[in-house]
Amino acid sequence: MEQLSVNHLLGIKDLKKEDIELIFSTADNFKDVINRPIKKVPSLRDITVANLFFENSTRTKLSFELAQKRLSADIINFSASGSSVKKGETLIDTVNNILAMKVDMVVMRHSSAGAAKFLSQNVKSVIVNAGDGAHEHPTQALLDAYSIREKLGSVKGKKVLIVGDILHSRVALSNIFCLKKLGAEVMLCGPTSLIPKFIGELGVKVEHDFMKALQWCDVANMLRIQFERMDTKFFPSTREYVMQYGLTREKLEKVKKNIVVMHPGPINRGVELTSDVADSQNSIILDQVENGVAVRMAVMYLLASKIKR
Amino acid sequence: MQPKIIINSKAFKLILKRLCYELVEQHGDFSDTVLIGVQPRGSILGERIQQELKNIAKVDVPLGKLDITFFRDDFRRTEKPLLARTTEIDFVVENKKVILVDDVLYTGRTIRAALDGMLGYGRPSSVELLVFVDRRFTRDLPIEANYVGKRVDSIDSQRVSVEWATTEGEDKVLMFSTEKEK
Numbered sequence: 001m002e003q004l005s006v007n008h009l010l011g012i013k014d015l016k017k018e019d020i021e022l023i024f025s026t027a028d029n030f031k032d033v034i035n036r037p038i039k040k041v042p043s044l045r046d047i048t049v050a051n052l053f054f055e056n057s058t059r060t061k062l063s064f065e066l067a068q069k070r071l072s073a074d075i076i077n078f079s080a081s082g083s084s085v086k087k088g089e090t091l092i093d094t095v096n097n098i099l100a101m102k103v104d105m106v107v108m109r110h111s112s113a114g115a116a117k118f119l120s121q122n123v124k125s126v127i128v129n130a131g132d133g134a135h136e137h138p139t140q141a142l143l144d145a146y147s148i149r150e151k152l153g154s155v156k157g158k159k160v161l162i163v164g165d166i167l168h169s170r171v172a173l174s175n176i177f178c179l180k181k182l183g184a185e186v187m188l189c190g191p192t193s194l195i196p197k198f199i200g201e202l203g204v205k206v207e208h209d210f211m212k213a214l215q216w217c218d219v220a221n222m223l224r225i226q227f228e229r230m231d232t233k234f235f236p237s238t239r240e241y242v243m244q245y246g247l248t249r250e251k252l253e254k255v256k257k258n259i260v261v262m263h264p265g266p267i268n269r270g271v272e273l274t275s276d277v278a279d280s281q282n283s284i285i286l287d288q289v290e291n292g293v294a295v296r297m298a299v300m301y302l303l304a305s306k307i308k309r
Numbered sequence: 001m002q003p004k005i006i007i008n009s010k011a012f013k014l015i016l017k018r019l020c021y022e023l024v025e026q027h028g029d030f031s032d033t034v035l036i037g038v039q040p041r042g043s044i045l046g047e048r049i050q051q052e053l054k055n056i057a058k059v060d061v062p063l064g065k066l067d068i069t070f071f072r073d074d075f076r077r078t079e080k081p082l083l084a085r086t087t088e089i090d091f092v093v094e095n096k097k098v099i100l101v102d103d104v105l106y107t108g109r110t111i112r113a114a115l116d117g118m119l120g121y122g123r124p125s126s127v128e129l130l131v132f133v134d135r136r137f138t139r140d141l142p143i144e145a146n147y148v149g150k151r152v153d154s155i156d157s158q159r160v161s162v163e164w165a166t167t168e169g170e171d172k173v174l175m176f177s178t179e180k181e182k
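As you go down the protein sequences, you meet chains A and B in turn. Per the numbering used here, residue 1 is the first one in the first sequence, and the count goes up by one each step. Per the numbering used here, residue 1 is the first one in the second sequence, and the count goes up by one each step.
It is worth saying that the hints were derived from the structure and are not from the lab. Just so you know, even glycine gets a beta-carbon here, dropped at the ideal spot from N, CA and C. Misleading hints may appear alongside valid ones.
[As the list claims (entries may be wrong)] Mimicking DSS-like on lysine-lysine, the simulated pairs with C-alpha atoms at most 30 Å apart in a straight line are:
hint	chain 1	residue 1	chain 2	residue 2
1	A	Lys69	B	Lys17
2	A	Lys69	A	Lys40
3	A	Lys156	B	Lys80
4	A	Lys180	A	Lys205
5	A	Lys117	A	Lys13
6	A	Lys102	B	Lys172
7	A	Lys156	A	Lys31
8	B	Lys80	A	Lys181
9	B	Lys97	A	Lys39
10	A	Lys205	A	Lys13
11	A	Lys254	A	Lys117
12	B	Lys80	A	Lys117
13	A	Lys40	B	Lys172
14	B	Lys54	A	Lys13
15	B	Lys17	B	Lys172
16	B	Lys80	A	Lys124
17	B	Lys172	A	Lys31
18	A	Lys205	A	Lys117
19	A	Lys308	B	Lys80
20	A	Lys17	B	Lys80
21	A	Lys151	A	Lys124
22	B	Lys17	A	Lys39
23	B	Lys80	A	Lys16
24	B	Lys13	A	Lys31
25	A	Lys233	A	Lys257
26	A	Lys16	A	Lys254
27	B	Lys80	A	Lys40
28	B	Lys80	A	Lys306
29	A	Lys180	B	Lys17
[As the list claims (entries may be wrong)] Computed far set for chain A versus chain B, every beta-carbon distance over 12 Å:
hint	residue
30	Leu22
31	Glu65
32	Gly114
33	Gly133
34	Leu202
35	Phe210
36	Val255
37	Tyr301
Bound-form chain A, shown alone (with noise of 0.2 Å):
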């Protein structure tokens, strides 16, 4: 495989496995660039990035834009506060707007679920979906896959448990599809009433018992819980939660299993997991952090090399 499949980034589902092993094997490449003196490349001079956060991030904001300034490219900057959207703009004029000011890569968050396969039909410019609504999150999925093979070798075979508000969480179907296509298994663990009722039927397991999932699994992400987009309420208490599917030193060390912790971020301390175990050595959350730049700019260098002059 010597090119990527598709020519936007909009979901995992969309990718073949081919075109994961080949992200991974050129953020590789990325990685021992970001780790020189020098952490810079050109591949991307020629190249404007304009970066369209409809919706707050931080994490993932400062990785794209890290990752474009590594790979030379021109960037601009756009977030929905302070910005016409509030005045009525429709999301195809924003965007035709910028890209009216020669925009080659439109790096986009959005609430709404689907606004980038939407984009993608309706402007010309190459989109990478930075996250839409609860549908899917490619990126974050990408550097997590990338993550667990990097600290244990490969994702097939492995035992992946997601925990927590799987419902709200574009970051947990990215997941789902990313480690089934690498040959991963996937168990979903949180209260019924954050697991969707049909999510089964992507060939995943489900379990409530937090404690028999710890005991199944070789990597525990712990998802954080979207307060932010629960209207009602899904559990009885923060403290009930925290009882049942919080992870802890104590419940670690009571299965007796090295379990590799991942966390998407922001991390709610104290509820997905308590501090001792987010700063352990059994965590790669801030792997993570660092994978994400690479594997960030794996993705734009292999869809820019389809942005024919």
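Using the hints provided, position chain B relative to the given structure of chain A.
Relative to chain A, chain B alone:
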């Protein structure tokens, strides 16, 4: 058309040895000298040079392997994307005398990219270029080698390939003609 052998394995070994003696003359005890092979084929030459220097001068010169993919100037100008290979440089280039090593010097664009890529590892005190085959008359950029195995006259439609005992089974240099020569 059958490729023409322009350097056979016997001449190959002599040239390799002669290049090493030239290096010894210029670099003495190699105390501040490092070799950097341009991936993928220049690294093989780098390894052979390193080995040969061990034999004839009893010195162990550090060898790095530099991938230049991200520094090339033809990104998005070719049909296929450019895929990278690994870079292995576990020393700092700062204040070192660098000998850049590649198998064939053709347009000079690879070496331009290599110079660019190498600067990511520090500011060398000097950089020299060693190539096994110099296809003169085909340069796009003002780049010349300090140490040349053999100068070859060729035209653009021809292709020169350096083969190695470790990868192709025999040390030799071949010239392919893609069109019938007029």
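For each hint, the structure was consulted:
Of the supplied pair hints, the one linking Lys69/A and Lys17/B is violated, its CA atoms being roughly 45 Å apart against a limit of 30 Å. In summary, the hint linking Lys69/A to Lys40/A is supported, as the alpha carbons are separated by about 7 Å, within the 30 Å threshold. Of the supplied pair hints, the one linking Lys156/A and Lys80/B holds, its CA atoms being roughly 29 Å apart against a limit of 30 Å. Of the supplied pair hints, the one linking Lys180/A and Lys205/A holds, its CA atoms being roughly 12 Å apart against a limit of 30 Å.
Pair hint Lys117/A plus Lys13/A holds up; C-alpha atoms about 12 Å apart against a cutoff of 30 Å. For the suggested pair Lys102/A and Lys172/B, the alpha carbons sit about 50 Å apart, so the restraint of at most 30 Å is broken. Restraint check for Lys156/A and Lys31/A: the C-alpha separation of about 22 Å stays at or below 30 Å, so the hint holds. About 25 Å separates the Cα atoms of Lys80/B and Lys181/A, which keeps this hinted pair within 30 Å; it holds.
For the proposed pair Lys97/B and Lys39/A, the alpha carbon gap of about 22 Å is at most 30 Å, so the pair holds. The suggested pairing of Lys205/A with Lys13/A holds, with an alpha-carbon distance near 19 Å, which does not exceed 30 Å. For the given pair, Lys254/A sits about 45 Å from Lys117/A by alpha-carbon distance, which is inconsistent with the 30 Å threshold. Pair hint Lys80/B plus Lys117/A holds up; C-alpha atoms about 25 Å apart against a cutoff of 30 Å.
Between Lys40/A and Lys172/B the CA atoms are separated by roughly 37 Å; this puts the pair beyond 30 Å, and the hint is violated. Restraint check: the Cα-Cα separation between Lys54/B and Lys13/A comes to about 54 Å, which exceeds 30 Å; the hinted pair is violated. For the suggested pair Lys17/B and Lys172/B, the alpha carbons sit about 15 Å apart, so the restraint of at most 30 Å is met. Under the criterion of a C-alpha separation no larger than 30 Å, the hint pairing Lys80/B with Lys124/A is consistent with the structure, at around 21 Å.
Proposed proximity of Lys172/B and Lys31/A is contradicted: the alpha carbons are some 36 Å apart, above 30 Å. Of the pairs offered as hints, the one joining Lys205/A and Lys117/A holds, with about 29 Å between alpha carbons and a cut-off of 30 Å not exceeded. Distance check on the hinted pair: Lys308/A and Lys80/B sit about 11 Å apart at the alpha-carbon level, within 30 Å; holds. Pair hint Lys17/A plus Lys80/B holds up; C-alpha atoms about 19 Å apart against a cutoff of 30 Å.
Between Lys151/A and Lys124/A the CA atoms are separated by roughly 39 Å; this puts the pair beyond 30 Å, and the hint is violated. For the proposed pair Lys17/B and Lys39/A, the alpha carbon gap of about 37 Å is over 30 Å, so the pair is violated. Among the hinted pairs, Lys80/B with Lys16/A is consistent with the structure: their alpha-carbon atoms are about 18 Å apart, no more than 30 Å. The hinted pair formed by Lys13/B and Lys31/A fails the criterion: a straight-line CA distance of about 38 Å is larger than 30 Å.
Of the supplied pair hints, the one linking Lys233/A and Lys257/A is violated, its CA atoms being roughly 34 Å apart against a limit of 30 Å. Between Lys16/A and Lys254/A the alpha-carbon distance is near 38 Å, which puts this suggested pair outside the 30 Å criterion. At roughly 23 Å between alpha-carbon atoms, Lys80/B and Lys40/A fall within 30 Å of each other, so this suggested pair holds. About 8 Å separates the Cα atoms of Lys80/B and Lys306/A, which keeps this hinted pair within 30 Å; it holds.
With a C-alpha separation of about 54 Å, the suggested pair Lys180/A and Lys17/B falls outside the 30 Å cut-off, and the hint is violated. Look at Leu22/A: its CB is around 8 Å from the nearest CB on chain B, not clear of 12 Å, so calling it non-interface is violated. Remark: the non-interface label on Glu65/A is consistent with the geometry, its nearest Cβ contact in chain B lying 19 Å away (cut-off 12 Å). With a least CB separation of 28 Å from chain B, Gly114/A remains clear of the 12 Å interface cut-off, as annotated.
In this structure Gly133/A is separated from chain B by more than 12 Å, as the shortest Cβ-Cβ distance comes to about 31 Å. Every beta carbon of chain B lies more than 12 Å from that of Leu202/A, the smallest distance being close to 31 Å; the non-interface claim holds. The claim that Phe210/A lies off the interface holds: its Cβ sits roughly 41 Å from the closest Cβ of chain B, which is beyond the 12 Å cut-off. The beta carbon of Val255/A sits about 37 Å from the closest Cβ of chain B, which is more than 12 Å, so the claim that it is off the interface holds.
The non-interface label for Tyr301/A is inconsistent with chain B: the shortest C-beta to C-beta separation is roughly 8 Å, within 12 Å.
Hints 1, 6, 11, 13, 14, 17, 21, 22, 24, 25, 26, 29, 30, 37 from the list above are not met by this structure, while the remaining hints are.
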